[in-house]
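*Asks:* One letter stands for each residue in the lines below.
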Amino acid sequence: MSVLSKLKETLICLKAGRVTLPYPAQARPVPEKFRGRPIFDAAKCIGCAGCASNCPAREILVVDVCQEIRILQYLGRRCTYCGRCADVCPEKAITMSHEFETATNSIGDIRQRLDLFMSTCQRCGRCFKEPSPLEQLKLKGYRFDDVQNERWIHRSQAYLTSEPTVDDIKIELD
Amino acid sequence: MIARDRLNQLKAKFGPAILRADLPGDSRLFVFVAPSVLKAICQHIFRDLDARYIISIGLDDRPFSGKFIVAHDFAFDRDHLLCSVLTYLPAENPKVDSISGVVPGANWAEREIRDLVGIEPVGHPYLKRLVLPDGWPDGVHPLRKDVPWNQVPEGFDDEREFKFDDPPEGCTVVPFGPFHPTLDEPAHFRLYVEGEMVRGCEYRGFMVHRGIEKLAESVLTYNDIPMMAERICGICGCVHNVTYAQAVESAVALRAPPRAEYIRTIMLEIERLHSHLLWVGLACHIVGFDTLFMQSWRIREPIMWMAEKISGNRKTYALCVIGGVRWDITPEVKAELRQVLDKLEAEWRTVVAAVSKDKNIQKRTRGVGVADMTLVKNVGLIGPVARAAGADIDCRRDHPYAAYDRVDFDVIAEAGCDVWSRVVVRMKEVFEAIRIIRQCLEKMEDGPLQAPIKDELPVGRLGVSSVEAPRGESHHFVITGENNRPHRWRVRAPTYQNLQAVPMMIKDQQLADMTISLGSIDPCFSCTDRMETIDLKSGVTKVWSQEELIKLVRAR
Amino acid sequence: MNILCAILGSLGNVALVLLVAPFFQGVLRKVTALIQSRQGPPLWQPYFDLLKLLGKEDIESGQTPIMQRFAAYLSLATVLTLACLVPMGFPAPLDGAGDVILVIYLLTLSGICTLLAGLAAGSTYSLVGISREMMTMIALEPLFAVAIVAGAVRTGSFRLDTVLNGSVYAGGGFPCSGVLLLGVMLLSFQAFVQRVPFDISEAETELMEGPLMEYSGPKLALFKYAQMAKLVIYSAIFVGLFVPWDSTLPFPLGWLCFWAKVFGLVLLVTLVAATHARYRIDQAIRFFASLLVVALGALVLATYGY
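Chains as they are written, first to last, in my numbering: chain H, 1 to 174; chain A, 1 to 556; chain P, 1 to 306.
Looking at chain H on its own, in the form it has when it is part of the complex (with noise of 0.2 Å):
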């Protein structure tokens, strides 16, 4: 009957008890896996590059100012959180820490950049170990969306012509 089975979901129900928090004021921990931002200590990082080759989202981007000096920017726009940049870095220097509360009206908040001290040779890449050939399977070289071009990236509504579209070296670093 209708009725019986009404109350047996009531009675379901009511034993389950209260199972909702009030959030924000009693917050609920996250487990030792959750990939929140990802932090990027500087101390650690070798500038490799590795994480940007990686990112899929392209959101890591690498420009060299001079022979020494090496700029790596995490930009954190379209950033999936989905952990590769920590997982191919070897020298352990990024951390996907439990943040999960990143709303913000100021993209410096999120933005990480790391002006990196290089010794001379950083061209060949042979201070990142591929950790395994899986990560073979990536675009080589460098690509073309560095700190300098990316103006582009943000005004994509640009129309695209056979011209460079690059006709300033001005580097715009925030």
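Hints may be right or wrong, so weigh each one.
Said to hold, decoys possible - So, partial list: chain P residues that the calculated Cβ filter (under 8 Å) puts toward chain A:
(1) I35
(2) V128
(3) V196
(4) A274
(5) Y279
(6) D282
The hints are simulated quantities; they were obtained by calculation from the structure and are not laboratory data.
This structure is a prediction, so every number in the text was calculated from the model and none was measured.
Positions of the beta carbon are idealized from the N, C-alpha and C atoms, including for glycine.
Once you've looked at the hints, dock chains A and P against the given chain H.
*Replies:* Same frame as chain H, now just chains A and P:
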């Protein structure tokens, strides 16, 4: 060798028209035919050999062969065989015979080929725009190789509108969507309503169209794509992730290690659990029964926590790379998962027992949204919708992948054909999913998580993979390409086929039943739409939806 | 003196209903949340909601804004007039101003306000909503009328204070017709107060709020207030007709008993609303039609004294 038998059958009937055949294994068959016999072969396969239609794919092969290719995928479920019939078309003004006359389910796929690749299906009964926005200029076909991925085409016409058909006599037009409280994602069903009865409807969708396939061919690489594939859908992300990886692995004859296969199976079943529990709640919310909605989501919550413990995220597991998985299941996680499953099963049994006797819900769902076997066969319906009509199809058993060939499970089929049968099928599949996970936890072997890849992946190989998503069969078609990315990747989500049946399901039903009929196919519009157009703010808002906006929101 | 008492009493009644109605709504929401295993809003939430709505910008967005305003004012005005006519633990202030026929008309009028609202909005969904509302009203109002008329028949008078004082049981004991009518009204009560399973005209998931779709801000506040007050008024009438005992107790006790009974009725409404799915309009109409047949049978029995 069932693939070879089928090939010989086709050869016997069509002889010289079969130009080439690839048999990479016993469960895959790729047949290249001349364009003139394409329609006849498809008709033979669909009607005489009683295969199931999956999808049609168009691609621009001009960089390699100088031609276009059209492929039609079919499934021989009883023979465990996935078959693809391909044909080359000349590069100038490509046309192909439309098969929508003989295979009604190919209606959308051929319109999509026309919109995105520019291959004209000759003889198509309903040739309207499907995927591209209304104002998109003619002649610009995004999936062609000479169109860059981030091009904004000139001549975008803001004023052009989609031309809807006229409503039948005596009917008013009730617009359903794209803004509607029931719909999580935008879609437009133009209902023709007479009083309270729906007499017909027209669908205009593809508003969540995001350019995933073009991005995969142009910008991303093999191992980047799984991260994007799992974002195709908000509920069944793991499925697309796994299906893509399996399709590439099948193309290059790579097999993931056994432990990885078990882990993939476990995560797929965890996803099925959470999706079905979500859907039962959603169906109850649609009929106004919010309590059962809250309760089934409460019961579902521990599964989400487990997924978060295993993979780091409740829904986007970021699980697969080509040749393996990224996360391991430790013994502590195993023990906890077993506990969670036991509790879930006990609670769900009480809920199912209570709901089965509940006349109130059954009154709203019996006899509603009927989809019978002829509709299933013609439109190629899959998943719980087909199983609720009595069709005994399930990719896990018919086209085994991952570890499904090593576990036992039943395929739940009901005969009611209505929404209530779909509710029952999904409720019972929860128990089967729990059973599969338990078997996997026991049988899981130790070993590596990723298969070694020694060289670059070979170019020009074809691979297909079908995976049973919670909503039905999710089918990916991949052709490997250069620069470590696929040459073509086609995603066919289950909602793509199931949505085509909705106009038939809601015909001559009450208006109030429209939402529950639509909800009963468990629609995932994001899965369906996934195609072109990326960074266009102006392109994505449709003209007529702006009108709707003005209507529903006050004009300032 | 009498007129002064009547005016003050009316104002007091109106204030009482306005104060108390959101509280009952809050109880309803809190108990629903308890059944759904969640925290739920605080008990005072409806007050905050109404205050918020009243403070918003008043947008005119339907087809006939004048009619929209009129419908909103009329809706709340009707309900508050009813508040002055219905005894709520003590005799109603406007007792002599009308009889039960006036009450029936006023109840129907408050339903018509929803129709006006939907018509004035003029969008497809609101028109579908009001057609459902019309069908529901045609099926429902006779039920109430029959119950009140049965009471009038038994007591032989149409006066408010006699009818709304357990008149269906008049003559002592538990007459057949009284029990039948009690059953009929219990089964259809959800429809009067527009709750699941019978809130068909405002089905959120199907019709996007139906007739009230074009309302926002202060006008929506008036409609919401009217709906909350209707819950209290209908419960008061129900309690007056069918659960009249303890009404003869001296002032504080009788008054408190009355409100306790109304509270119990609100809890019952909540429980039923939380555990049922919404019915379709054709299923609902069939249900009400069968109830109407039973009610008419009870009326016949009442005339013959059973």
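*Asks:* Taking the hints in turn, state whether each one holds.
*Replies:* Structure-based check of each hint:
{"no.": "1", "hint": "I35", "result": "holds, 6 Å"}
{"no.": "2", "hint": "V128", "result": "holds, 7 Å"}
{"no.": "3", "hint": "V196", "result": "holds, 5 Å"}
{"no.": "4", "hint": "A274", "result": "holds, 5 Å"}
{"no.": "5", "hint": "Y279", "result": "holds, 7 Å"}
{"no.": "6", "hint": "D282", "result": "holds, 7 Å"}
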